[in-house]
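These two chains come separately, so use the hints to put the complex back together.
Those protein sequences? They're chains F and D, same order as listed.
Numbering (our numbering) for the first sequence: 232 to 427.
Numbering (our numbering) for the second sequence: 18 to 225.
Since the hints were derived computationally from the structure, they do not count as laboratory data.
Fair warning: there could be bad hints in the mix.
As the list claims (entries may be wrong) - Covered stretches of chain D, as calculated for chain F (at least 3 residues, CB under 8 Å):
#1 127 to 141
#2 193 to 200
#3 207 to 220
Unchecked claim - Reference excerpt, derived from the structure (chain F facing chain D, CB under 7 Å, subset only):
#4 308
#5 342
#6 397
#7 416
#8 417
Ideal placement from N, C-alpha and C gives every residue a C-beta, glycine not left out.
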Amino acid sequence: MSYIGIIITYVFISNMILSQFLGLCPFIGVSKDTDSAVGMGFAVTFVMSMASLVTWIIYHGILVPLNLEFLQTIAFILIIASLVQLVEMSVQKFSPALYKALGIYLPLITTNCAVMGIALINVREEYNILESFTAGFAGGIGFLLAIFLMSAVRVKLDKENVPRFLKGAPIAFVSGGLMALAFMAFDRALLANLIG
Amino acid sequence: MFNFLKGLFRENPIFVLALGLCPTLAVSTQVVNAIGMGAGVIFVLIGSNIMVSLLKNFIPDEVHIPAYIVIIASFVTIVDLLMQAFVPALSTSLGVFVKLIVVNCIILGRAEAFASKNNVKDSIVDALGMGVGFTVGLLIISLVREVLGSGTITLFPMGDFEGIIRIPGLYDAPARIFSLSPGALLVMGFLMAGFNWLLSIKKKNKEN
Chain F
232 MSYIGIIITY VFISNMILSQ FLGLCPFIGV SKDTDSAVGM GFAVTFVMSM
282 ASLVTWIIYH GILVPLNLEF LQTIAFILII ASLVQLVEMS VQKFSPALYK
332 ALGIYLPLIT TNCAVMGIAL INVREEYNIL ESFTAGFAGG IGFLLAIFLM
382 SAVRVKLDKE NVPRFLKGAP IAFVSGGLMA LAFMAFDRAL LANLIG
Chain D
18 MFNFLKGLFR ENPIFVLALG LCPTLAVSTQ VVNAIGMGAG VIFVLIGSNI
68 MVSLLKNFIP DEVHIPAYIV IIASFVTIVD LLMQAFVPAL STSLGVFVKL
118 IVVNCIILGR AEAFASKNNV KDSIVDALGM GVGFTVGLLI ISLVREVLGS
168 GTITLFPMGD FEGIIRIPGL YDAPARIFSL SPGALLVMGF LMAGFNWLLS
218 IKKKNKEN
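The following block holds chain D by itself, in its conformation from the complex (with noise of 0.2 Å):
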């Protein structure tokens, strides 16, 4: 359970460790993209972070980092093909940023720091636990941006609905600096900023 929590929010990928953040800020622009890469993200999470720790006894020491590049890789283009065939419009959506899960710092960092030294059970438990808080991240980043920045928020659509929700006022007038790439920054600096003071706050409850 602790492996599971650390990454929603001790140890989230984003606001605490900094890391995995160019498709953050690149396809945080409606939510669905921000859904759809934290899908893939956990994906191929769970799978390299297997794979290192079923192998972790056969890959030599020298070489393990193209090893563990290599496993990425695969599980990449598995994803983005599976992207390309069902989800079409997701997959034009997010562009060169599916392939770029490959160099998410995220995914290479779990396979060194966690999968080489634990068992394939607690690897999975960190996958899952660093891919959600990933996930949790990327959401929180693109539901601000969207609604500030267009005034929508982008959904699958599901029947009846459409898949957009439109927000009265704001998408008639809809501050659409923070849909461009300035906007993205600032977010990004104002929500780590804001993730700190809640982390002080709950260290200073822990020591009363």
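Next comes chain F alone, as it looks inside the complex (with noise of 0.2 Å):
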């Protein structure tokens, strides 16, 4: 597939949350307001770029050779662990004001689904190195896009007045069902009519 392909999928077509439902915690947890949705939004599309590429390199040039693909899982989380460790301390370093306001999401990053999800999608597909990263990285743009609509729905529900017991997380669910919805409209026969 194409590399404009391979970003139309994940961004719109395979989104990470609306239609693969990765990364759902943060989409349900980090959604209150919009700063810190995109905040959350911008660290999961960079740890999910970089993931992409260092998984690929390790499987292809480590566990593969050695026949270690059982390895797979165990390896894969701790290449994510230490990437969000690495990133957590680059970012504490380098600026502390975008720490602040992303301190206490990028702990949570290392069990979002959404990371491991594209890194073993990733070895589905047999993607090569470059596709491997351009689906990290367009996945992340795609969980970027349905968290910051998310925050905007969510904003103006807090001044509306929901029933009680819908209250907080559930409505959160339905409006992202709806959302959803909205999203299947995208499918691989509009890429193919996009794309050829």
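This is the structure in structure tokens:
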């Protein structure tokens, strides 16, 4: 698949959150205001792109030649955990303001299914190194798009008179469902029409 | 007993704590997937809770999260390989979500919040309670979604029984949307609201 195809696929058609359900915890947990949602989105995009790159190198450079593919899960989660730690330390050092804004979200990214998910999807789809990186980046942008839209909806919802039992997470899920309904308009046929 | 029951209702991992949502919504299209996923999670949860509880005095505080993650990842690999060997069909339909048990917040959460502070026996009970609570939540969601979305209930084939119960009326004209992604989010939202309502009734009864 062409690179543009990969980008459109992971941003719109197989959107990490709205169609593959990867990264739902931050989608509900960190979408209460727009600033933190966007911060989280950028942090995830960065980690996802880096993780796609590094996991590809480790998988094809070390695990496959040594026939250790079964160690995939352990290797990937360790790579992601150390990558997150690295990002956290460098952000803390170089941009204290950004660290203050993102600080609490960064450790959460380790257990974000989207990061691990894209690494596993890259292996399953047998992407080459550049395709993996593109998929990781596009997946992150898709995540950013969904969480930003969600936070905008939730800021409005705060002012509305929501039924008592639906307040908080339940109404967020219902709004997410309606958003996913809209995203269903993006499908393979659309992609085929766009890039032939 | 308390440790077991709290996972089922008051601290239900899915509806109350809202943990481990990604696999919940993604695999809940068929009841059989929910059972398989639940079994996998219970196994990993028990295994990791036992190991964390046994090793709690040996793991230095600074590296406890990476250490827990390695323990969990090892159990996930075991489950993944076992599923591929013995139930390949289930393994295919769960896809990447078997491997993604490793980032399921419930498991790391229980290791961190419970097993690292309690003895082995309590940790096993806690793991069972949380695991069963997760599975029950998953079953409820998948029942709603499969019955409404495809008009069937898919179970394991046994003897003469082919493994699929067809619901008359719904099977011919199912509301497809419930098997697709928007349906999952909608069902989850309304079930959560229902759970809030049940909990509030219980609280009111206690106060009176």
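Right, here's what the structure says about each hint:
For the stretch 127 to 141 of chain D, the proposed coverage by chain F is not satisfied: 0 residues have a C-beta within less than 8 Å of a C-beta in that chain, short of the threshold of three. Proximity of the stretch 193 to 200 of chain D to chain F, defined as three or more residues with a beta carbon under 8 Å from a beta carbon of that chain, is established by the 5 residues found. For the stretch 207 to 220 of chain D, the proposed coverage by chain F is satisfied: 7 residues have a C-beta within less than 8 Å of a C-beta in that chain, meeting the threshold of three. Proximity of residue 308(F) to chain D holds as hinted, the smallest CB-CB distance being about 5 Å (cut-off 7 Å).
Checking residue 342(F) against chain D: minimum C-beta separation of about 5 Å stays under 7 Å; hint holds. Taking 7 Å as the C-beta contact cut-off toward chain D, the hint placing residue 397(F) at the interface holds, the least distance being around 5 Å. Using the Cβ-Cβ criterion of 7 Å, the hint placing residue 416(F) at the interface with chain D is not satisfied: the shortest such distance is roughly 11 Å. Against a cut-off of 7 Å between C-beta atoms, the interface hint on residue 417(F) is violated, since the closest Cβ of chain D lies about 12 Å away.
The earlier numbered hints that this structure contradicts are 1, 7 and 8.
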